[in-house]
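Modelling step: build the complete structure from the supplied sequences, incorporating the hints.
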Amino acid sequence: MNDINANAIPAASRERPSTAARVGIGGPVGSGKTALLEQLIPRFLARGTDLAVITNDIATKEDAERVRRSGLIAPERVLAVETGACPHSAIREDPTLNMQSADDLDRRFPGLELILIESGGDNLASSFSLDLVDYWLFVIDVAGGDDIPRKRGLGVLSCDLLVINKTDLAPYVRVDLPRMVREANEVRKGKPVLLTNCAIGDGVDAVVEQIAREVLFDR
Amino acid sequence: MLRLTRVLGHATEPQLAETLHRLEHGGTVERLKLSRADTARKRLHAFTDRGTEVGVMLDRSEQLSNGAVLLLEPTRAIVVALEEPQWLALAPRDAAAALELGYFCGNMHWKVRFAGEYLHVSLEGPRETYLERLAHLVANGSISVIGDD
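Those protein sequence lines, which keep their order, are chains L and P. Residue numbers for the first sequence, in our numbering: 1 to 219. Residue numbers for the second sequence, in our numbering: 1 to 149.
No lab work stands behind these hints, which were simulated from the structure alone. Just so you know, these numbers come straight off a predicted model, no measurement behind them. It is possible that some hints are incorrect.
25 Å max Cα-Cα, derived DSS-like pairs, lysine-lysine [to be verified]: (1) L:K189 x P:K111; (2) P:K33 x L:K151; (3) L:K191 x P:K111; (4) P:K33 x L:K189; (5) P:K33 x P:K111; (6) L:K189 x L:K151; (7) L:K151 x L:K191; (8) P:K33 x L:K191.
Going by beta-carbon spacing under 7 Å, a handful of chain L positions derived as facing chain P [said to hold, decoys possible]: (9) D131; (10) A212; (11) V215.
To list a few chain L residues with every Cβ distance to chain P over 12 Å, as calculated [claimed, not checked]: (12) E38; (13) I41; (14) R66; (15) H88; (16) V173; (17) R174; (18) V187; (19) V208.
The C-beta atom is built at its ideal place from N, Cα and C for all residues, glycine as well.
What follows is the structure, given as structure tokens:
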């Protein structure tokens with residue numbers, strides 16, 4: 001067998017690409033997407049991840065202003081996209097505004113490793129285009145009802161990671177949480193499901209680990 | 001985990017093809033099997049057909065495709081192998097049913113292709129999930145599923 005001519009073959013690899021991983025966070029109105037974001041930011045920063053954030057709102061910059069004011073991350077690392085119409089249009093049918101914002105962050109912050117893109121609040125049928133993100137989470141909450149997984153919404157079925165938030169509220173809204181989790185696992189056919197209480201950060205470490213394992217590959 | 005950070009070329013490029021051919025003889029070309037949808041991702045955690053755990057991390061300008069060469073070493077290569085797309089073939093009863101089916105598939109954001117009098121829906125999840133969504137059209141006779149008796 002002849003030796004491979006190393007000079008004639010492109011380099012096998014480099015340390016890492018020049019653009020950041022992009023992770024979407026979607027879900028219904030009030031499920032806790034921004035609360036999850038606020039819990040994820042300090043954890044990623046603590047593990048040394050170079051991070052930026054994009055938020056989507058229909059007609060305001062409400063979520064971006066909330067994150068900027070939080071003091072969790074430098075304000076210039078938080079961009080707002082005003083979708084102007086259906087939030088899912090800006091993350092699925094035509095994600096141009098979000099792609100341009102992410103490209104802008106990549107240019108402004110060399111070495112950026114992760115961009116978290118929070119969708120505007122939507123319904124169970126919303127989903128992210130893989131042209132925009134590499135991996136996406138869908139956040140539902142127990143107060144929305146334990147029948148949500150059974151309804152087999154596109155977001156619940158097709159996301160890479162389903163997060164069931166506000167687990168602490170289950171007893172107060174008469175939700176059978178074990179059953180909700182069991183049915184979520186059944187409809188997702190083995191794709192991951194994690195539980196959180198973003199009010200105090202319970203379960204969020206596991207979300208960080210999952211994202212890092214799936215798109216960062218830095219440990 | 002093996003990090004793969006660049007598309008080195010395509011398996012059909014003469015120079016790469018020759019090298020891959022030599023490695024094939026030694027049985028050291030690993031296939032990374034991906035769905036068509038997954039090729040849009042720039043980051044991907046997966047396993048090759050030989051069990052090698054890989055983390056694909058590409059620049060946004062790079063594109064995964066069938067035959068993309070992600071690793072080429074003197075004794076080993078990793079090449080993307082696209083899984084065969086699965087299609088659900090549907091036959092509308094008449095023009096009105098065809099209109100209704102077309103509207104419904106668009107509303108569901110399904111990818112379709114036209115095949116004469118049939119509509120083919122690209123299956124990006126379990127077939128049963130698609131059939132559940134179409135159950136009302138099957139039940140009222142608007143459409144029939146080709147291949148199902």
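Next item on the list: Determine which of the earlier numbered hints do not hold for this structure and return their numbers in increasing order.
Entry: Failing hints, ascending: 2, 10, 15 and 18.
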